[in-house]
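My request is simple: use the sequences and hints to build the entire structure.
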Amino acid sequence: MALDFDMQEKTICGYHKRNTNKFGILENKFPIFQDENDSIFLLTRDHFFSISTPQITSVIKNYLRYKKFGDIKRIVANILVLPGVFIALASILKYADLLDQFESITEILESKLVNVLFGISIFNVIILWHDFYEEKSHPIQLPKAKKIQQKEIDEIKATGFKFGRYGHLDTVSFASEQTLELLCNFTKDNQFQTYDLFKYLLKEDYDIQQIVRRSGIEMSVNEMEEKFKIGEDVIPDYPITALRSILTYAIEEAILTESRQLEPQHIFLAILRLYPQTLKYIQAKGISIDILREISLYNNSLIAKAQRTKHLDPNIPYFNKGGIARRWIYGYTFILGHFSKDLTEEVANNRDIYGIGHDEEIENLVSVLGKLSNKNALLIGEAGVGKSSLILGVAQRINTGNVPIQLKDKRIVQLDINGLIAHSLKMGNIEELIMKAMQELENSGNAILYIDEMQELIPAKAEESNHSLAGILLPYILNSKFPIIGTVNYSDYKKYFYSNESLRQSFTNIEVKEVSTTDTLKILETKIATLEKNFNCYITFPALVASVELAYRYIKERKLPSSAVQTIEATCSWAQSNNIQKITAEHVSKAISIQKNINITDIDQEESNKLRKLEENIRKKIIGQDEAVIAITESLRRARTDIRNPEKPIGVFLFMGPTGVGKTYLAKVVGEEFFGNKSDIIRVDMSEYQDIDSVDKFLGTTETGNVFGQTNITLVDRVKSNPYTVVLFDEIEKANPKILNLFLQIFDEGRLTSAAGETVDFTNTIIVCTSNIGSGILLQALEQDEALWGEAKDRAMIELRQSLSPELLNRFDRVIVFSPLDINQLRNVAELLLTELKERMIDKGINIKWTDQIPMLIANKANEPGMGARPLKRYIQDKIEGQIAKEIIEGNLKSGSEIDIKENWII
Amino acid sequence: MEVKNTVSDSSGQQLLTETKTDSYSAIFLYFIQDFLRWWYVRMPIWHLRKLARISVVVNDNLSLSLLVQNFFLPWHRDYSMMGYVFGLLIKILYIPIALIIYLTSILVYTIIILIWLLLPIGTLTFIFTSILR
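First to last, the protein sequences are chains B and X. Residue numbers for the first sequence follow my numbering, beginning at 58 and rising by one. Residue numbers for the second sequence follow my numbering, beginning at 735 and rising by one.
Certain hints may be false.
[Stated by the list, open to error] Stretch-level coverage of chain B by chain X, calculated; a stretch enters the list once three of its residues show a Cβ under 8 Å from a Cβ in chain X: (1) 163-173; (2) 379-387; (3) 491-502; (4) 782-791; (5) 897-905.
Worth flagging that the hints you see were computed from the coordinates, not collected in a lab. Beta carbons: idealized from backbone N, C-alpha and C, even for Gly.
Okay, here's the thing in structure tokens:
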């Protein structure tokens with residue numbers, strides 16, 4: 058699933074043609090308006106940005122003059138400050154009586170000139186102060202853009218722009234000094250030198266170099282010019298009027314990346330997306346404009362994060378926290394402190410951001426905790442969705458003071474159940490211990506109790522009274538004297554809470570869903586600094602994006618963001634042990650490939666050759682079934698190049714036909730050729746699942762065991778441990794209809810929910826089903842007349858449609874009837890079997906040879922119509938292997954010798 | 735009703751060659767206007783905002799308002815005689831000290847604002863009186 062960087066629908070680029078008085082929206086088009094009668098503007102939800110040619114010309118004409126004046130002013134002021142410094146120093150020395158010997162200096166210090174110089178010096182300090190602090194005290198800041206609602210966009214399209222409802226801002230006023238200077242320096246003779254600016258930015262701008270470095274690619278002007286033919290004809294010079302368009306697109310980039318000002322990097326990004334050739338260049342490098350923007354956004358977030366701690370800056374919001382004496386008005390929690398930890402304090406000591414992607418849930422939780430009654434909350438969600446992070450997010454908000462007044466100064470105390478039990482062994486009665494701790498909590502007035510994995514309280518019992526811990530805590534939960542937050546997953550909620558009315562009623566349930574891929578990326582961004590420090594590596598952004606996408610696709614047993622975090626950590630760890638410093642998307646693919654035992658790395662030359670010759674290689678081993686071989690190899694190629702639908706199995710096939718023609722053998726050969734090992738295919742004999750009870754066996758219930766009391770390894774276990782394989786369901790018509798219904802889910806969605814509630818992923822498997830339906834009809838046709846084969850096939854298909862439900866049949870990618878083998882094909886099969894025998898004998902040091910007639914002789918002798926290749930196997934086993942064994946036993950054949958297969962062995 | 739098109743109003747549009755370049759004297763005048771506007775209009779407002787922020791931050795960090803609001807609450811919510819007495823005693827000792835710090839910080843910053851306003855005028859006065867003396 059491609060990542061959505063969540064940058065759409067925050068801005069609208071519009072234009073106006075004065076000649077026709079026509080307004081319009083520029084959707085996915087980036088024209089450069091050179092005609093003075095055409096205008097361009099940018100709309101956000103609350104503002105619109107415009108730019109005019111006089112503004113630009115004013116900048117170009119005057120900016121450098123103002124800058125030069127400023128530089129001269131600064132130099133002069135610095136020079137004029139110096140006398141004041143010396144005078145001040147001398148005055149200090151004079152008052153310290155250190156200049157008594159230097160009467161001339163003391164006389165000069167009392168003169169009028171010195172006073173005047175000192176006064177001028179002070180005045181120049183004031184001028185320098187203004188120069189230095191003007192921007193710091195009143196920083197120019199682009200407003201943050203929120204998403205524009207679709208209905209607003211529709212309204213604009215229907216009724217036009219209503220500029221009155223937006224605040225009007227001038228684009229030029231947000232341009233930084235570097236941007237203005239670049240505009241001046243790259244405008245010559247009324248022409249803006251776009252390509253020269255582009256080259257300059259790529260070579261010289263530090264921010265752009267940082268962005269390019271983080272993207273994991275190298276961009277060079279030489280490569281662009283030579284390989285991609287990007288030059289002045291692609292990025293031409295423009296008249297000044299065209300700068301309106303370029304700067305409008307640039308400020309759009311600045312807004313999307315939440316920058317404070319319009320910086321040179323935004324002009325660079327704008328130029329990259331304006332021209333198809335430049336876009337193609339970065340796509341060829343494996344990145345997109347969205348990734349470059351996201352990197353810029355990340356860099357800006359680091360700057361914003363640093364500023365968050367400036368409490369005295371009136372431009373930054375401040376929330377009351379309570380101060381040094383805030384704990385005086387709340388009670389002690391001595392006993393509780395032995396088996397709990399204060400999360401608010403823990404969170405205050407580190408600078409990570411928690412609760413990303415759970416804003417709605419945090420708001421819900423804060424509102425529940427702030428209620429007067431029934432202020433308990435139960436967070437329900439799968440493992441790894443971020444329930445704990447959500448709680449830490451609330452703790453962080455309490456620390457910063459960004460909570461309603463009822464939650465100010467509160468602290469979140471996490472109960473450690475194991476610590477409680479351990480402590481009770483020392484202190485004695487656990488029930489008494491809990492009561493004392495709860496009384497402390499009630500008395501403290503500022504504690505919120507947090508119990509992680511709340512279901513663990515229910516089976517845990519107090520030794521003395523045999524009451525469960527949940528039962529002991531229940532009165533406190535019901536009384537709601539202090540808020541309690543619990544976390545639990547869906548299956549445990551259903552098992553323990555749903556049936557218990559009083560428990561259920563005393564909590565407000567808050568469902569915690571899996572975080573989106575966009576928010577997961579943001580979470581990973583917050584971990585970059587820590588990971589780079591711990592693993593001594595450099596993480597590129599494509600690696601982060603790959604972690605999110607591949608974790609979402611391949612790690613189904615854990616949810617986002619936990620799966621993505623584990624993926625990037627595993628990659629960093631793997632990279633560290635392989636001395637890799639720079640982590641790219643390829644490394645993430647490699648780490649997942651190793652972890653999940655699947656191959657998702659880019660196709661290299663060797664593998665490309667293997668994929669091209671796949672059909673040929675399989676045909677060498679499977680004789681005469683071209684339709685089946687082509688169908689399977691096409692699905693494998695689609696899988697490996699990632700073109701297929703990732704939400705379904707790689708391919709789902711049904712093979713029918715007479716016995717011994719290669720249905721099962723094809724599955725084995727595919728397993729060997731593509732997945733690497735013949736024996737790794739998962740073979741399920743559906744005749745074992747005929748009765749209704751076998752559904753449990755199929756879904757992997759833990760009660761199934763063999764006579765020795767060992768738990769059987771089920772299909773579910775085998776697919777979980779080897780998800781990239783061929784799964785062969787033999788004789789599916791024998792399975793119970795309820796099991797065939799499970800196939801609907803497997804074939805359509807590539808997943809199966811096991812008895813334990815786990816989702817088993819089949820999306821990386823090839824599923825091959827075999828069936829004997831219609832085999833009687835096909836065998837009869839072969840016995841009577843092979844010319845009747847075509848008609849027999851049709852009748853077999855009719856019988857198939859009558860035997861299996863239409864919805865199941867409809868889910869097969871292909872239903873293939875395997876053809877009987879003719880005598881030439883049987884000859885080839887005999888040749889193959891002899892070659893296999895030869896390879897086995899080479900291991901023993903014996904070389905077998907045969908003439909060209911031998912395979913045909915075997916085919917003729919062993920052929921049984923309708924029985925396929927199996928008679929040949931039996932024949933070779935009896936006649937040839939038997940004879941060789943006899944020779945070995947008689948001592949006529951030793952290691953290093955050769956033997957010819959004789960015709961008389963066969964005839 | 736004709737609505738003025740702020741986006742592409744043709745009034746005032748000039749070609750590059752027709753745009754006039756500001757002279758250095760115009761730039762100098764602009765600098766003086768900008769300086770005076772910054773020093774006597776924008777910065778005093780900023781200083782007042784900063785003063786308000788300082789009062790909030792100092793009050794919050796010293797827990798002054800919090801302790802005043804909970805003046806009669808016993809020490810760590812110990813509802814015994816000792817708790818009440820100790821709580822009152824600590825607050826009676828602490829609150830005046832915190833108040834002094836609070837008022838001092840406000841006073842200091844107010845003086846800074848006054849100095850700010852007087853500094854350019856004072857400096858110029860000092861220069862002129864030195865010349866004339």
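Outcome of the hint check:
1. Counting residues of the stretch 163-173 of chain B whose beta carbon lies closer than 8 Å to any beta carbon of chain X gives 3, which reaches the threshold of three, so the coverage claim holds.
2. For the stretch 379-387 of chain B, the proposed coverage by chain X is satisfied: 9 residues have a C-beta within less than 8 Å of a C-beta in that chain, meeting the threshold of three.
3. Check result for the stretch 491-502 of chain B against chain X: holds, 3 residues qualifying (beta carbon to beta carbon below 8 Å, three or more required).
4. Three residues within the 8 Å Cβ limit are the bar, and the stretch 782-791 of chain B against chain X gives 0, so the coverage statement is violated.
5. Residues of the stretch 897-905 of chain B with a Cβ under 8 Å from some Cβ of chain X number 0, which does not satisfy the need for three, so the listed coverage is violated.
Violation of the numbered hints given earlier is confined to hints 4, 5; the remaining hints are satisfied by the structure.
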